[in-house]
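Chain residues, written in single-letter form:
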Amino acid sequence: GNSVTQMEGPVTLSEEAFLTINCTYTATGYPSLFWYVQYPGEGLQLLLKATKADDKGSNKGFEATYRKETTSFHLEKGSVQVSDSAVYFCALSVITGNQFYFGTGTSLTVIP
Amino acid sequence: DGGITQSPKYLFRKEGQNVTLSCEQNLNHDAMYWYRQDPGQGLRLIYYSQIVNDFQKGDIAEGYSVSREKKESFPLTVTSAQKNPTAFYLCASSNAAGRGRLSYGYTFGSGTRLTVV
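Protein chains in written order, with this note's numbering: chain A, 962 to 1073; chain B, 68 to 184.
Please keep in mind that the hints were generated in silico from the structure rather than gathered at the bench. Cβ atoms here follow ideal geometry from the backbone N, Cα and C, with glycine treated the same way. Do not take every clue at face value.
With a Cα cut of at most 20 Å, we get these calculated SDA-like pairs of lysine to any residue [stated by the list, open to error]:
hint, chain 1, residue 1, chain 2, residue 2
1, B, 150, B, 105
2, B, 76, A, 1002
3, B, 76, A, 1021
4, B, 76, A, 1000
5, A, 1021, B, 105
Label-pair ranges, simulated between beta-carbon atoms [as the list claims (entries may be wrong)]:
hint, chain 1, residue 1, chain 2, residue 2, range
6, A, 1070, B, 153, 21 to 29 Å
7, A, 1042, B, 147, 29 to 37 Å
8, B, 123, A, 1029, 23 to 31 Å
9, A, 981, B, 75, 47 to 55 Å
10, B, 147, A, 1014, 45 to 53 Å
11, B, 146, A, 974, 37 to 45 Å
12, B, 85, A, 1017, 46 to 54 Å
13, A, 1016, B, 84, 19 to 27 Å
14, A, 974, B, 70, 30 to 38 Å
15, A, 979, B, 87, 43 to 51 Å
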């Protein structure tokens, strides 16, 4: 079946630290991969996406590379800010499917 | 600006009462979705609709009902049969309906927090 596994949180980092949030997936079709971000009390916002193997999605300093050989889509940022504190969700969609599949989310807190 | 509007932002339900959560989009998207989010958990799909007058159950449809009479509207009713309705409810839409078009991603509303009192 289709599923997404994210690293468990919460994650706490100091400002300007390097961030990695791991995401691996299983998919029956050929997936597109996404990272969404949720700020407190709000809905989810699309952060970045990649639609084929070896694609790199990037936005606001965040990056993730679609690795088909390791079925992974890890989120990285070189220098986090306090404003990056949020919950991050990895998600996939498959070409034959009608819905997205979300990971459980990883809470990030960045302290000054 | 185009987007999805969910209302109300906060909703309180008494035991045995039905309540309806509103979701309206002006993005001209074909597909709309309802998700439930509980603390520390991911998103679970309640219902989705790919076209007007058609909808399908998701993973946790029991105790919920929906309608899709207009393209821009997808209200969710939480019935008295839903035994644990306290949660954060998210509505989403996509211009990808059908095979091969889900690379566009979802647009989410800002959510409704439902509490049983």
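Cross-check of the supplied hints:
{"no.": "1", "hint": "B:150 with B:105", "in the structure": "holds, 14 Å"}
{"no.": "2", "hint": "B:76 with A:1002", "in the structure": "holds, 9 Å"}
{"no.": "3", "hint": "B:76 with A:1021", "in the structure": "violated, 28 Å"}
{"no.": "4", "hint": "B:76 with A:1000", "in the structure": "holds, 15 Å"}
{"no.": "5", "hint": "A:1021 with B:105", "in the structure": "violated, 28 Å"}
{"no.": "6", "hint": "A:1070 with B:153: 21 to 29 Å", "in the structure": "holds, 25 Å"}
{"no.": "7", "hint": "A:1042 with B:147: 29 to 37 Å", "in the structure": "violated, 45 Å"}
{"no.": "8", "hint": "B:123 with A:1029: 23 to 31 Å", "in the structure": "holds, 29 Å"}
{"no.": "9", "hint": "A:981 with B:75: 47 to 55 Å", "in the structure": "violated, 38 Å"}
{"no.": "10", "hint": "B:147 with A:1014: 45 to 53 Å", "in the structure": "holds, 48 Å"}
{"no.": "11", "hint": "B:146 with A:974: 37 to 45 Å", "in the structure": "holds, 43 Å"}
{"no.": "12", "hint": "B:85 with A:1017: 46 to 54 Å", "in the structure": "holds, 47 Å"}
{"no.": "13", "hint": "A:1016 with B:84: 19 to 27 Å", "in the structure": "violated, 48 Å"}
{"no.": "14", "hint": "A:974 with B:70: 30 to 38 Å", "in the structure": "holds, 31 Å"}
{"no.": "15", "hint": "A:979 with B:87: 43 to 51 Å", "in the structure": "holds, 46 Å"}
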